Amino acid sequence: SQKIEQNSEALNIQEGKTATLTCNYTNYSPAYLQWYRQDPGRGPVFLLLIRENEKEKRKERLKVTFDTTLKQSLFHITASQPADSATYLCALESEEYGNKLVFGAGTILRVKS
Amino acid sequence: DAGVTQSPTHLIKTRGQQVTLRCSPISGHKSVSWYQQVLGQGPQFIFQYYEKEERGRGNFPDRFSARQFPNYSSELNVNALLLGDSALYLCASSSPGLAGTETQYFGPGTRLLVL
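Listed in order, the protein sequences are those of chains A and B. Residues 1 to 113 in my numbering are what the first sequence spells out, letter by letter. Residues 1001 to 1115 in my numbering are what the second sequence spells out, letter by letter.
Bound-form chain A, shown alone (with noise of 0.2 Å):
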């Protein structure tokens, strides 16, 4: 069956340190992959999105790797703050499912001062 899993515990770490998150997937060959942020109560926001032909991309303190071999995406954020609190989302977009977007449940991560 298909899945994507993301790291389900939440992520706690010191404030400076780099926060790297998991998403794995099975059955699935996505053409994209896409990571959002999200806040309590409010909509996922778009962070970054990374193609199968590409293995890294980087976004200010954010830096994206997918490897399509080992079917698992890892996103960083380097020199993290308090304010990277949040839960962050993997995406997928699959041609085989008419480029909809699947969703993993999220990893909370949590940045201490």
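Read the hints as simulated data drawn from the structure, not as lab findings. Treat the hints with care, since some could be wrong.
[What the hints assert, rightly or not] Derived Cβ-Cβ restraints for the label pairs, each shown as a range:
id	chain 1	residue 1	chain 2	residue 2	range
1	A	K57	B	V1038	26 to 36 Å
2	B	P1096	A	E54	18 to 28 Å
3	A	T78	B	T1020	39 to 49 Å
4	B	G1016	A	S113	46 to 56 Å
5	B	P1070	A	A10	39 to 49 Å
6	B	R1111	A	S113	24 to 34 Å
7	A	N27	B	P1008	32 to 42 Å
[Claimed, not checked] Below, simulated DSBU-like cross-link-like pairs (lysine-lysine); rule was C-alpha separation at most 30 Å, straight line:
id	chain 1	residue 1	chain 2	residue 2
8	B	K1030	A	K59
9	A	K100	B	K1030
10	A	K59	A	K71
11	A	K57	A	K17
12	A	K17	A	K112
13	A	K100	A	K17
14	A	K57	B	K1030
15	A	K55	A	K71
16	B	K1052	A	K55
The structure displayed is predicted, hence computed values, not measured ones. Where a beta carbon is used, it is the ideal one built from N, C-alpha and C, also for glycine.
Starting from the known structure of chain A, fit chain B onto it as the hints suggest.
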């Protein structure tokens, strides 16, 4: 520029009732998608409309329906509400880019509680 707007923000209904949720996309966006997000889960795709036509449908029963108007705003209707329909309903607009890439711009959502 205004982002995606949704109304109402909160709604309480009883089982068996019907509900209509409304969404206005970002100006210039012609595609609107609806998602259901249950607490602790990621958003689950319900519908996508583009240029007033249904472009995709998720695994939801026929009690769920939607439409898109000429101004690209959209309504989601849910009939015969069940307790399990309690969730945050998210609307997202997008502007199709290269090779079908569609970044979703989400609204704040409508929190529906079914009693």
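The hints, checked one at a time:
no., hint, in the structure
1, A:K57 <-> B:V1038: 26 to 36 Å, "30 Å, holds"
2, B:P1096 <-> A:E54: 18 to 28 Å, "20 Å, holds"
3, A:T78 <-> B:T1020: 39 to 49 Å, "44 Å, holds"
4, B:G1016 <-> A:S113: 46 to 56 Å, "49 Å, holds"
5, B:P1070 <-> A:A10: 39 to 49 Å, "45 Å, holds"
6, B:R1111 <-> A:S113: 24 to 34 Å, "30 Å, holds"
7, A:N27 <-> B:P1008: 32 to 42 Å, "38 Å, holds"
8, B:K1030 <-> A:K59, "27 Å, holds"
9, A:K100 <-> B:K1030, "16 Å, holds"
10, A:K59 <-> A:K71, "22 Å, holds"
11, A:K57 <-> A:K17, "20 Å, holds"
12, A:K17 <-> A:K112, "10 Å, holds"
13, A:K100 <-> A:K17, "34 Å, violated"
14, A:K57 <-> B:K1030, "28 Å, holds"
15, A:K55 <-> A:K71, "12 Å, holds"
16, B:K1052 <-> A:K55, "36 Å, violated"
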